[in-house]
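Can you make the complete structure from the sequences, with help from the hints?
Going by the working numbering, the sequence shown opens with residue 1, and the numbers climb by one from there.
One or more of the hints may lead you astray.
Unchecked claim - The calculated lysine-lysine pairs, modelled on DSS-like cross-linking and capped at a C-alpha distance of 30 Å, are: (1) 160 <-> 59; (2) 147 <-> 160; (3) 146 <-> 160; (4) 146 <-> 5.
FYI, nobody ran anything at the bench for these hints, they're computed from the structure.
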Amino acid sequence: MNSEKIRAYRIINHQFLTLVRIEFPEGSDSPFGGIFEVFKQRNLSLRFLASERSLKGEKTLFLGVDLLSEETVGELIDALRGIENRRELALISQVSMAMLYGPHFGEMPGIFGLTFSAFAGSGIIPLAISASSSSLSWLFPSGQFKKALEILHDIFEFPKAFSSWDESSDDL
Numbered sequence: 001m002n003s004e005k006i007r008a009y010r011i012i013n014h015q016f017l018t019l020v021r022i023e024f025p026e027g028s029d030s031p032f033g034g035i036f037e038v039f040k041q042r043n044l045s046l047r048f049l050a051s052e053r054s055l056k057g058e059k060t061l062f063l064g065v066d067l068l069s070e071e072t073v074g075e076l077i078d079a080l081r082g083i084e085n086r087r088e089l090a091l092i093s094q095v096s097m098a099m100l101y102g103p104h105f106g107e108m109p110g111i112f113g114l115t116f117s118a119f120a121g122s123g124i125i126p127l128a129i130s131a132s133s134s135s136l137s138w139l140f141p142s143g144q145f146k147k148a149l150e151i152l153h154d155i156f157e158f159p160k161a162f163s164s165w166d167e168s169s170d171d172l
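So this is what it looks like as structure tokens:
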């Protein structure tokens, strides 16, 4: 790997999350309002939200909340089973998320491929990925998170205030 690091503005992480994945079939209306109401009723704050549409038209919603107890997971699954048009429902605990910000990322083609190759070369396969012209985000199984952060720190240079990280920190 090139010894010159890519400059980044900031890295933020959230550890100890539960991922909720809900899939809807092609042509169905996604009842997002009903889903958000289930989370609101249980006072669950979202740490992230992402959605995707497959080439076949299927829709998948990814929601991240602070780590849930077994009891709360059961209650949430029961409540979400009642959502109309839902095809698949999965809850995965524990997951962790890392987000990198760099307003210049859009001017540097290949950043995402470089990081993904570094992860794959270390046996780390993200559960979900996202990229924009100014940010990169990954969702990892918690057991792979520390190594993933080490890889990110090998690739990216952060301002001095963000040059070190602590496993218990929520803001790196």
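Each hint, compared with the structure:
1. 160 <-> 59: violated (41 Å)
2. 147 <-> 160: This hinted pair holds, its Cα atoms lying about 21 Å apart.
3. 146 <-> 160: Given pair residue 146, residue 160 holds - Cα atoms ~20 Å apart, limit 30 Å.
4. 146 <-> 5: Holds - the C-alpha atoms of residue 5 and residue 146 are around 19 Å apart, at most 30 Å.
The structure does not agree with numbered hint 1 stated previously, though it agrees with all others.
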